[in-house]
Each structure stands twice: as structure tokens, then as C-alpha cells.
Amino acid sequence: MANTDSIKALPYRDPAVGDLIIRTSDDVDFYVQHRRIADVCPIFADMAILPNHPSDCAVSSENERALVRVSETSKVWEKLLPICHLEEEPSLSLEDIMNLLEAGHKYGMAGIASRMRTALLHPDFLEQKPFAVYALACAGGFDDVARLAARRTLRFPIYPQDTPEFASITGRALYRLFDYRQRCGIATSAVVTCQSKPGYLPRIPAWMSSSDCASFRTCMSSGCPTPSSDFMIPHEGYQNGLISSWVTYMDRLSEEFKSHPDSDLLESPALLQAVLDSMDKCSTCRKSFYRNATAFTKIIKEKVNDAIGQVQLVLEK
1 MANTDSIKAL PYRDPAVGDL IIRTSDDVDF YVQHRRIADV CPIFADMAIL PNHPSDCAVS
61 SENERALVRV SETSKVWEKL LPICHLEEEP SLSLEDIMNL LEAGHKYGMA GIASRMRTAL
121 LHPDFLEQKP FAVYALACAG GFDDVARLAA RRTLRFPIYP QDTPEFASIT GRALYRLFDY
181 RQRCGIATSA VVTCQSKPGY LPRIPAWMSS SDCASFRTCM SSGCPTPSSD FMIPHEGYQN
241 GLISSWVTYM DRLSEEFKSH PDSDLLESPA LLQAVLDSMD KCSTCRKSFY RNATAFTKII
301 KEKVNDAIGQ VQLVLEK
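Residues in the sequence shown are numbered from 1 upward in steps of one, following UniProt numbering.
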């Protein structure tokens, strides 16, 4: 919190400055120039010249300056006034951004919205609080920011911790977010689904037919006991079985992606350890595991991210 000297140094906290007093709900006075505040806030300018509305505007005995009472706390105005004065951007929390968006809309401050849009793009907010950023972006009408935040929410569990910012949006906007997540889950699950139906030949995903995936076929070492599956990978004109544990790995991913479509799951130690454990009796398989696992997860991650990129978030108009 700023100390007394720094507060007094601010022009709008100096009683000797300005011709208009803004008094907040917690009875803190800010001293501003009427013309300057009117330039960024036409509605506020109207309030300042209406002495017949004592609940909003009155005349202060202090040098007979107009006094306007506002419903916001001093915490909001301490962030709002530096922006109005075009000073250096104050440090903002998500709570600050929510309050400033509301105040900017209330007082018709057109420039506040664009400043808050930029603030929401801070990497810390997007990466750590994407649900909150999504809500505030929807409230502010920042479609591009809402889409970025929605994509980031996929890294987190479907039901986030309490997010106060959800109070700023409609239930429909929240539904759109969870609908987007569900469709991303379907798309990513399809990427790693190996199809096996009675009466049909087992089929691997089409992208696995490329030569890049040849390393995941059954080991060619004599007597290798690593189990093979019925799924075939083409290699140099032949069909080779896909290692069974990689099929299990993909099946588990397919199921987890349905509710948690995050490409980072590909590198889950638990999932990869199960594959490695299946190769414990073949030294050739074990030696090549880390190289193959790195290559395999890289290929799948690219396919998964491409699939997510094709899913469109539908926003309210």
C-alpha cells in the first residue's frame, strides 16, 4: 500500500488542486480538474454541473468547489484516475480490471475498455487464471481475448475453483465455454482413437500410416517378448503390428481427452511408464523407448493441437 508521502504527491489527492471533488463511498476525496475529467468522461461532466441533484452533486464549502459523490470505493478511483490522466499504467489485479470495466461502462469512459483489454493479455493472467480472463473478456466484449483464454482453460480441470468474475457474465456465455471444451474433447479423442469393431479389420488413425510412426511397430529383435497388437503399421511395403502398450496408451488418452483435452497429457509419467514397463524383457525395446516416446508424443501433440485449433468458440453477440 502506498505511504502517506506518495499519496500526497498525486495531484488528485492534493486539496490545493482542481475545481471538482470526487467523494467515494468510503469518504475519500479526490481533487480533479473538471475540464480534464470531462474530456474522458462526458457523463461525469454532466453530473458535475447539476447542483439540483444533491445525492450526486453538491457544492463543497471548501473553496465552493463542486462535489460529486460516487458509489465506487477509493480503491477503484485510485486505479481509474491515473488512467484518466494518461499516466503510467497502474498495477492491476483481475479484481481491479473487473471494477474498472464496470466503472468505465457506467461513466462512458471509452478508453478504459481498450486499456483493460491489454491488461487481460498479461501472460500471468492468461496462464494462471484463464477462466477469470474469459469471463472478463466476455463482459468487455473482447472476443479475441475470450478465445485465447478459452484455449488456456483446457489445461485445467473442467470445474475451476470459485471464480468471482463469473458474476460478470451470463449463464449462456458460461455454457458456451463448456460446450467449447466438450467439442475439443471429442476432437482430441478422435485423434488417438484406434478403431476395433467386430467384423472389421482393426484400424489405426490415418496419421499413423506415415513413415514417421514406423518406430512404434513391433520390435524386430529375435525373440522379443514385448506384446504386439492387432493394429498394423505400414513399413517398407509390409504391415507390422503396433506395440500393444502404445495402443493401451492411446486408448487411455482417448478417454482422458474427453473431459480434459490438454496436449500436455501426452507426457503424463504414469501413461508413459506403463509403456516402458511392458518392454522390461527386451533390451532393444527399452533402449529405444525414450527416443521413440519423444518422437511419438511430439507427433501426437501436433495433431492434437491442430484438432483443437479447428474447434471454434461460439460467442454471444
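No lab work stands behind these hints, which were simulated from the structure alone. Small disclaimer: the values here were computed from a predicted structure and weren't measured. One or more of the hints may lead you astray.
[Unchecked claim] Using C-beta positions, here's what the derived DEER-type ranges look like:
| hint | residue 1 | residue 2 | range |
| --- | --- | --- | --- |
| 1 | R172 | I43 | 35 to 43 Å |
| 2 | E95 | F156 | 32 to 40 Å |
| 3 | T294 | P11 | 23 to 31 Å |
[As the list claims (entries may be wrong)] Quick list of in silico lysine-lysine cross-link-like pairs, DSSO-like style, CA-CA up to 30 Å:
| hint | residue 1 | residue 2 |
| --- | --- | --- |
| 4 | K298 | K287 |
| 5 | K298 | K281 |
| 6 | K258 | K281 |
| 7 | K258 | K298 |
Where is the CB? At the ideal position from N, CA and C, for every residue including glycine.
Outcome of the hint check:
1. At roughly 29 Å, the beta-carbon separation of R172 and I43 lies outside the given 35 to 43 Å, and the hint is violated.
2. The hinted range of 32 to 40 Å is not satisfied by E95 and F156, whose Cβ atoms lie roughly 20 Å apart.
3. Roughly 58 Å separates the CB atoms of T294 and P11, a value that falls outside the hinted 23 to 31 Å.
4. Taking the CA atoms of K298 and K287, the gap is near 19 Å; set against the 30 Å cutoff, the hint holds.
5. With a CA separation close to 26 Å, the supplied pair K298 and K281 stays within the 30 Å bound.
6. For the hint pairing K258 with K281, the CA-to-CA distance comes to about 33 Å; that exceeds 30 Å, so the pair is violated.
7. Distance check on the hinted pair: K258 and K298 sit about 20 Å apart at the alpha-carbon level, within 30 Å; holds.
Hints 1, 2, 3, 6 from the list above are not met by this structure, while the remaining hints are.
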